[in-house]
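Visitor: Sequence lines, in order, name chains A and S.
Going by the working numbering, the first residue of the first sequence is number 103, and it counts up by one from there.
Going by the working numbering, the first residue of the second sequence is number 362, and it counts up by one from there.
Bear in mind the hints are in silico, worked out from the structure with no lab data behind them.
It is possible that part of the hints are untrue.
[Unchecked claim] Residues on chain A that point at chain S, a partial pick, calculated with CB under 7 Å: (1) M103; (2) M104; (3) Y110; (4) S113; (5) H114; (6) K117; (7) W124; (8) V125; (9) S147; (10) H152; (11) V153; (12) T154; (13) S155; (14) G179; (15) I187; (16) T200.
Every residue gets a Cβ at the ideal spot worked out from N, C-alpha and C, and that includes glycine.
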Amino acid sequence: MMANVHVYECSHCEKQYVQKKWVCPNCKHTEFQSKEVTGEGKVFSFTKIHVTSQEFAHLTPYTVALIELENGLRVTGRLSETIEINDNVTCISNEENTYIFAKR
Amino acid sequence: MNKVKVSGIGITPFGKLENVSLKSLLMDACLQALKEANFPKIDAVYVGNFMSGQLGNQEILGAIVANDLGLGPIPTAKVEGACASGGIAFRQAYLMVKSGEYDHVLVAGVEKMKDSSTEITTRAINAAMDNESNEKNAGLTFPGFFGTVANRYIYETGASKEHLAMVALKNREYALNNPISQFKKPATIEEIMSARMITEPLGLFDCSPTTDGAAAIVLSKGEDGVIVRSSAQASGTTQMQESVDLLSLPAIRESARKAYEIAGVGPDDIDVVELHDCFSMTEILAIEELGFFEKGKGWEALQQGLTKHGGKVPVNTSGGLLSKGHPIGATGLAQIYQIVSQLRGTSCNQVDGARIGLAQNLGGTGAYSTVHIFEGVNL
Numbered sequence: 103m104m105a106n107v108h109v110y111e112c113s114h115c116e117k118q119y120v121q122k123k124w125v126c127p128n129c130k131h132t133e134f135q136s137k138e139v140t141g142e143g144k145v146f147s148f149t150k151i152h153v154t155s156q157e158f159a160h161l162t163p164y165t166v167a168l169i170e171l172e173n174g175l176r177v178t179g180r181l182s183e184t185i186e187i188n189d190n191v192t193c194i195s196n197e198e199n200t201y202i203f204a205k206r
Numbered sequence: 362m363n364k365v366k367v368s369g370i371g372i373t374p375f376g377k378l379e380n381v382s383l384k385s386l387l388m389d390a391c392l393q394a395l396k397e398a399n400f401p402k403i404d405a406v407y408v409g410n411f412m413s414g415q416l417g418n419q420e421i422l423g424a425i426v427a428n429d430l431g432l433g434p435i436p437t438a439k440v441e442g443a444c445a446s447g448g449i450a451f452r453q454a455y456l457m458v459k460s461g462e463y464d465h466v467l468v469a470g471v472e473k474m475k476d477s478s479t480e481i482t483t484r485a486i487n488a489a490m491d492n493e494s495n496e497k498n499a500g501l502t503f504p505g506f507f508g509t510v511a512n513r514y515i516y517e518t519g520a521s522k523e524h525l526a527m528v529a530l531k532n533r534e535y536a537l538n539n540p541i542s543q544f545k546k547p548a549t550i551e552e553i554m555s556a557r558m559i560t561e562p563l564g565l566f567d568c569s570p571t572t573d574g575a576a577a578i579v580l581s582k583g584e585d586g587v588i589v590r591s592s593a594q595a596s597g598t599t600q601m602q603e604s605v606d607l608l609s610l611p612a613i614r615e616s617a618r619k620a621y622e623i624a625g626v627g628p629d630d631i632d633v634v635e636l637h638d639c640f641s642m643t644e645i646l647a648i649e650e651l652g653f654f655e656k657g658k659g660w661e662a663l664q665q666g667l668t669k670h671g672g673k674v675p676v677n678t679s680g681g682l683l684s685k686g687h688p689i690g691a692t693g694l695a696q697i698y699q700i701v702s703q704l705r706g707t708s709c710n711q712v713d714g715a716r717i718g719l720a721q722n723l724g725g726t727g728a729y730s731t732v733h734i735f736e737g738v739n740l
């Protein structure tokens, strides 16, 4: 099971952002296109969270990782496995703007 | 442009203060500062606060101060900038006196956090992140950002969890001598390293506590005593995934660059520092970003004892956020309280002959930073 990562691409300079922008910080243009990019990448860093807000308390302990995708973009997602920096991972779910990754 | 001096300071005890309200904390700190300044005619009030609305259902803090301290129908405002609320409030007060608009301004900071459960407070603190984001949905917490930074820092630099513990130990040792600090129990490096995990690799001692407390300062037109040499502020990324260099907090670097430039001094001129150790990891990044040590080498400075008495520059002689406590809106003012005390020669953990001091206050995951540089003149 694999899922893509949704990005916003500046129509002018083609720079991509995981987070929506209203003005492109790179070239100051205001038009963006939605695109899907591959969810394959590697772990740039991570933390295993033991104390959290009520909303996520039922998941503890859980791991949140900063994933560097193959195109160099970084995206924050959640994993249920034990991981190390540089582990290869892939996005397995992207529902409701929540990215879940797993080792591949 | 006017020169600006600190004409009064006030602070309450920090900790879990039962049966003391947000309002009475705020008033206590303000009254101390006003008394010390000999009750000048205050022209305006700025109050730094982050969560009085969320946790205590109380806003209009500026008008409450003006009314209950009998300051008259003067303009007031509450300033919110997450954990940098106090530093930003101070900067607004400073700019108003410097510009000549006002002669005397009262600036205060307050937070009452201990009346709420950890889950409620954690949620409120998460307001310091951009929550319309996949990061929030992934379950990233505010401490989790710094845990992720710490794992990468350890991976890239050769530092270990023990170096994080050295920050916590140093600040605890300083806090033992500060009468207002939240934690006065000695700790050992082993105890710090084996404490329960909050967000790996950060354990309990690596994270600043929730705290009740307030601090206040009166700023006046003037050229002697402790003067404000410069004030600078910068913004940075609001999301981890947008950080170009995860091991950098550009808002600290930029605010420091501007503050040094305006004051005409550099890191080597600074005798004493209070900086924003919301987590042990953050202190190591901050000593690098403020230019005291090279990037990626801050952990070595800890190991060599360069950030305490007898080293290059003593950092967080108040005990810092980690052990003095971190009442969010008050923190920026409490840091300045400590630096002013150091320059007056009346501080706990006094640095002999301290003449120039720096206070750095951070908000969010690097979203805001203020840097203020002070000098003791004719003291």
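Visitor: What hints, given by number in increasing order, does this structure fail?
Guide: Numbers 1, 2, 3, 4, 5, 6, 7 and 8 - these are the hints that the structure violates, sorted from lowest upward.
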